[in-house]
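*Asks:* Each chain is listed here by its residues.
2 protein chains.
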Amino acid sequence: MVIVHVHVHVKPECVEAFREASIENARQSNGEPGIARFDVIQQVGDPTRFVLVEVYRSQEATAAHKDTAHYQKWRDTVAEMMAEPRSSVKYEPVLTRDA
Amino acid sequence: MVIVHVHVHVKPECVEAFREASIENARQSNGEPGIARFDVIQQVGDPTRFVLVEVYRSQEATAAHKDTAHYQKWRDTVAEMMAEPRSSVKYEPVLTRDA
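Protein sequences, first through last, are from chains A and B.
For what it's worth, the numbering used here labels the leading residue of the first sequence as 28, then goes sequentially.
For what it's worth, the numbering used here labels the leading residue of the second sequence as 28, then goes sequentially.
No lab work stands behind these hints: they were computed from the structure.
Hints are supplied without guarantee of correctness; some may be wrong.
Straight-line Cα separation of at most 30 Å, DSS-like style, residue types lysine-lysine; simulated pairs [unchecked claim]:
(1) B:Lys38 with A:Lys117
(2) A:Lys117 with A:Lys93
(3) B:Lys38 with B:Lys100
(4) B:Lys100 with A:Lys100
(5) B:Lys93 with A:Lys117
(6) B:Lys93 with B:Lys38
(7) A:Lys100 with B:Lys117
Here are the in silico distance ranges between beta carbons for each label pair [unchecked claim]:
(8) A:Ala91 with B:Ser114: 29 to 35 Å
(9) B:Arg124 with A:Gln99: 22 to 28 Å
(10) B:Glu119 with A:Lys100: 21 to 27 Å
(11) B:Asp103 with A:Glu47: 42 to 48 Å
(12) B:Val33 with A:Thr95: 28 to 34 Å
(13) B:Gln86 with A:Glu40: 27 to 33 Å
(14) B:Arg113 with A:Glu40: 32 to 38 Å
(15) B:Arg102 with A:Gly72: 21 to 27 Å
(16) B:Ser85 with A:Ile50: 19 to 25 Å
Some, not all, of what chain A presents toward chain B, calculated at C-beta under 10 Å [stated by the list, open to error]:
(17) His32
(18) Ile50
(19) Ile68
(20) Val80
(21) Arg113
(22) Val116
(23) Pro120
(24) Leu122
(25) Asp125
A quick note: this is a predicted structure, and the numbers were derived from the prediction, not measured.
Glycine residues also receive a C-beta, built at the ideal position from the N, C-alpha and C atoms.
Let the sequences and hints guide you as you build the complete structure.
*Replies:* Here is the structure:
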């Protein structure tokens with residue numbers, strides 16, 4: 028299992044558009060066989076900050092995700108919305124309810 | 028729903044003890060009625076860094092958690108293991124599979 032937290036900071040005027048694009052991407056990502064969980068969460072107190080919580084069943088699944096049309100559409104759609112480059116951190120589970 | 032990510036950086040010699048204490052706390056926290064998810068994850072490439080991924084069903088549940096014996100035991104047990112003070116960030120869901 029590979030867990031990736033993608034930290035995103037968007038321009039204030041892009042918050043709604045980012046939410047919409049990310050909901051669409053997350054819905055489709057949740058349908059990928061290699062993805063156990065693909066959540067989108069928004070920071071309390073600063074709505075311009077989001078985290079994508081991505082839980083992959085394998086390393087290969089992370090690459091497969093980047094090959095999907097929905098990821099590529101999301102990536103291109105949100106590119107201009109960033110207030111700063113997004114960053115991602117990889118984790119491995121110590122204890123998780125994701126199977 | 029209230030999502031809290033607690034970022035923890037422990038001293039290198041405390042990694043295993045922190046894992047053990049946190050697994051015990053997470054197991055018991057997952058049994059709280061107000062908690063939908065309580066995961067512990069460890070950063071790839073830097074095993075001294077952890078995130079506790081806490082998903083509460085309500086604001087009240089966050090307070091109830093702090094009243095439990097297992098939380099208080101964990102808090103006291105890990106206090107001396109920190110390399111720096113831990114920090115927490117609150118989020119609300121945009122799209123999540125937690126119910």
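*Asks:* What are the numbers of the hints that this structure violates, sorted from low to high?
*Replies:* Of the numbered hints given earlier, those the structure breaks are 4, 21, listed in rising order.
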